[in-house]
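What follows is each chain in one-letter form.
There are 2 protein chains.
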Amino acid sequence: MNKFMSEALNEAYKGLEERGIPIGSVVVKNGEIIGRGHNRRMQRNSAILHAEMDALESIGRQPASFYSDIVLYTTLSPCSMCSGTILLYKIPHVVIGENRNFLGEEDLLRDRKVIVEVLDDRDCFEVMRNFILSKPLLWNEDIGT
Amino acid sequence: MNKFMSEALNEAYKGLEERGIPIGSVVVKNGEIIGRGHNRRMQRNSAILHAEMDALESIGRQPASFYSDIVLYTTLSPCSMCSGTILLYKIPHVVIGENRNFLGEEDLLRDRKVIVEVLDDRDCFEVMRNFILSKPLLWNEDIGT
Chain A
3 MNKFMSEALN EAYKGLEERG IPIGSVVVKN GEIIGRGHNR RMQRNSAILH
53 AEMDALESIG RQPASFYSDI VLYTTLSPCS MCSGTILLYK IPHVVIGENR
103 NFLGEEDLLR DRKVIVEVLD DRDCFEVMRN FILSKPLLWN EDIGT
Chain B
3 MNKFMSEALN EAYKGLEERG IPIGSVVVKN GEIIGRGHNR RMQRNSAILH
53 AEMDALESIG RQPASFYSDI VLYTTLSPCS MCSGTILLYK IPHVVIGENR
103 NFLGEEDLLR DRKVIVEVLD DRDCFEVMRN FILSKPLLWN EDIGT
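Residue numbers (my numbering), protein chains in the order written: chain A, 3 to 147; chain B, 3 to 147.
For reference, chain A alone in the conformation it holds in the complex (with noise of 0.2 angstroms):
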């Protein structure tokens, strides 16, 4: 698996050991991993904490220009939340563990010039789809339907 993807999964199942929603994200810039988060919706009681939010909070505040050349990894397609949050700092790259158990905002990020790539990871995809079929009220409270 592509090593940075591999981080993200990581992050993923760190969440599942928290006894969390196993999303997991991590940051790349200059080649290495400045950020890296997973979804916390579980651990914290939070409505925003997804992973690609808590590995940009992870990071804290920055300059536009710190995002410009930096790639985010996620294990699971974007939703909408995480893809605004994408746009409102320009980033400009973004891959995708697996977009099968969910499919975010792929269409408007690419419709912005965000590049987006799908790796279609089996074990992204496996992670994710044990924990639909066990928790599916949690993972419907978790992309609000």
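Keep in mind the hints are simulated off the structure, nothing from the lab.
A few of these clues could be false.
Pairs involving identical chains hold if they fit within one copy or between any two copies, as the list cannot separate such chains.
When the alpha-carbon atoms are kept at most 30 angstroms apart in a straight line, the in silico DSSO-like pairs for lysine-lysine are as follows [as the list claims (entries may be wrong)]:
hint, residue 1, residue 2
1, K5, K31
2, K137, K31
3, K92, K16
4, K31, K16
5, K115, K92
6, K16, K137
7, K92, K137
8, K115, K5
Here the structure of chain A is known, so what remains is to put chain B in place on it, guided by the hints.
Coordinates of chain B only, in the frame set by chain A:
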């Protein structure tokens, strides 16, 4: 002024007192304020705590049905991130203090059937204009430019 927008503006003033960015938001359900917040970029070294996010986070985890009749008040037109969050949770109605200092994703929200009202409130406009004039770099950071 609209009484709920007045409370959102009070949140903006709280942010200003804390040497933060003066944008405020309240969440209204059944005619009562059930959540409130303000931009905490400075206060929390945060990339994601815009006013609307802070107000929604103040309510914590909720099922999708919870959001189906809420009204989100915000002193300033919502950026891509906050608009994406509105779409994620299918918040049906957003009331905006003003959009002359910053025009967010109102068109996208309307395209997705969100009711968007703009009050063009003078006080909301003034507090934001004064802040932008006094701290333009911080403002640019907050909107990713």
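- Item | Non-conforming hints, listed in increasing numerical order | Every hint satisfied by this model.
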